[in-house]
Structure formats: structure tokens, C-alpha cells
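Undergrad: One letter stands for each residue in the lines below.
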Amino acid sequence: MIQKLVSILLVEDDEVDVMNVKRAFSKNNIKNELFVAGNGVEALDMLRNVINPLPKIIILDINMPKMNGIEFLKEMRADENLKNISVFVMTTSNEDSDKINAYNLNVAGYILKPLSFEKFLSSVATLKNFWSLCEM
Amino acid sequence: MTNSNILYIDSCKTAIDDAKTALLKVEVQSNLYFSESYADAWQMLSGENTLTPAPKIVLIAINEIGSEGIELIKKIRKDANLRSLLIFVITSVHDDKNKVAALDLNIAGYFDKPFENHKISEFYTIMNDYWNIIEF
Chain G
1 MIQKLVSILL VEDDEVDVMN VKRAFSKNNI KNELFVAGNG VEALDMLRNV INPLPKIIIL
61 DINMPKMNGI EFLKEMRADE NLKNISVFVM TTSNEDSDKI NAYNLNVAGY ILKPLSFEKF
121 LSSVATLKNF WSLCEM
Chain W
1 MTNSNILYID SCKTAIDDAK TALLKVEVQS NLYFSESYAD AWQMLSGENT LTPAPKIVLI
61 AINEIGSEGI ELIKKIRKDA NLRSLLIFVI TSVHDDKNKV AALDLNIAGY FDKPFENHKI
121 SEFYTIMNDY WNIIEF
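These protein sequence lines map, in sequence, to chains G and W.
Heads up: the first sequence begins at 1 in the UniProt record's numbering, then just goes up one per residue.
Heads up: the second sequence begins at 1 in the UniProt record's numbering, then just goes up one per residue.
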């Protein structure tokens, strides 16, 4: 899948984390186009009005202003055009309620952001390998 | 991802044996259960032979054109206790209808079934790495 260079949407409000994802993508040679939205409201707007064709992968933070990750997921799963996009949660939230809510909304994985950049790089490498197997 | 159960359903006994060998080789940190029929698998998820704890990961092989595997996913998604399961579909048939139906049911991944030994080993290594970075 990933070879076909489908686009990826990152929904993340923290600028440092956005930079880390960009660096980790670059170091792992992930060349897919990356769109960035700062919260759920912005992400829905981009999905509905801006990004065409739609991304096949969304990387989603949980704690964000305006509309958090779980609220975004609910809206997205209720939208006929968006409901089948694969979502990978990447967050610092270790709350059980967030994990349960996210899996009830059928995310493909819930990943805790590692504290060190080296570990983060390794998680992104694992994701890249996983995506490369997926038919999307 | 530890102390969990994984259920793998495949009508092909050889594929089950291959998966078992590969998953043991990567030292997967979960109890492995296997079923050669969708009906038996449903009993292991929600019937008389329910696995405890319920598996968090289910791999469903689709080897024939037809809707049996998709029907099982639908049943899982309709069941309040099972709907949050992570479902991975491994298929040996190239049928876009199956793929679209499975993705619409928010599976975590749709994969071509590996057949050669090195591909099988690579496939389960990547899957295991992925399961190890996600939280439940």
C-alpha cells in the first residue's frame, strides 16, 4: 500500500510532535504526502473540503482543543464518505477510558508516544512495515 | 500487548500450521487459538466454547469467494462485547468486493496471504512487531 504513496493525515495540536512525526517519516524514508490538522474540527474540514483523494491513513492525537480525538472519531465514523479510513491513535494519554473508546470506534491501533525520539523512530519504522503489508 | 489471546481462523490446515510455527518463532506474547471453521470460531467468541479472556486480536482468512468471512466480521461488529476486537483479514482471493466490505467494517488490516516460507516468516514478524507497539 505505502508504495502507492497514498496520503496520510496527521491530527495533532502540538507543534513539537508534528515536527517529530515529520522527522521520523523522513528518517524512515516515508515519502507519502503528509497533511496536518491541529484539531478534530480542522481535520474534518480538510477531509470534507480539501484533501482529494482522501487519505487512507489518519494518525490521531487524543487530547486536543476544540474537538478531541474521540469526538473526531465519532463524527468520522458517522460520515459515509469517511467512515472506512484507517485510524492509528498516537497519544500520550494512557487513560483506559480513551483506549476503550478508541477501540470501540474501531481504530487499527492505539500507540503511546514513546518519550525518546529513538523509540519513536522505531515505532514509526514498525508502522511503516505494517502499512507496507496492508491492502488499502 | 501481553497476556492476551489471539484467535486465527483459516479453513486451510497448512496455513494454520504455518502461522503457528511462525508465531512461535517470533515468541508472540499471547496465547494462540486456532479454528478451521467460521462457525466453530463464533462459538469460541460468543458461544459454548467461549475463550476467556476474549481474544483482542482475531485473524480471519478468506480463502474462497463468498461472504462467510465477511459475515463473521459483521456478527463481531454487531455484538456489544466483541465489536472492539482488532480484526486482521488475510486473503488468498483477489476480490475487491470482499476488500471493500471488510474495510467498511473497520478492520485493522487487509493482507495478501503469504505462501512462501520466507514471506510467511516476514509477515508474522511484522505483525508481531506491530502488536507489540500497540496498547489495549
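Hints are computed from structural coordinates only; laboratory data are not their basis.
Model, not experiment: these values are computed from the prediction.
All residues carry an ideal CB built from backbone N, CA and C; glycine is no exception.
Any given hint might turn out to be false.
[To be verified] Here are a few chain W residues that face chain G, going by a calculated C-beta distance under 8 Å:
| hint | residue |
| --- | --- |
| 1 | E27 |
| 2 | E36 |
| 3 | Y38 |
| 4 | L103 |
| 5 | F115 |
| 6 | Y130 |
| 7 | I134 |
| 8 | E135 |
[Said to hold, decoys possible] Capping the alpha-carbon separation at 30 Å, the derived lysine-lysine pairs in DSSO-like fashion look like this:
| hint | chain 1 | residue 1 | chain 2 | residue 2 |
| --- | --- | --- | --- | --- |
| 9 | G | K56 | W | K78 |
| 10 | W | K56 | G | K128 |
| 11 | W | K56 | W | K13 |
Undergrad: Decide, hint by hint, whether the structure agrees.
TA: Hint by hint, here is what the structure shows:
no.	hint	result
1	E27	16 Å, violated
2	E36	24 Å, violated
3	Y38	20 Å, violated
4	L103	5 Å, holds
5	F115	14 Å, violated
6	Y130	4 Å, holds
7	I134	4 Å, holds
8	E135	5 Å, holds
9	G:K56 with W:K78	24 Å, holds
10	W:K56 with G:K128	22 Å, holds
11	W:K56 with W:K13	23 Å, holds
Violated hints, in rising order: 1, 2, 3, 5; the structure is consistent with all others.
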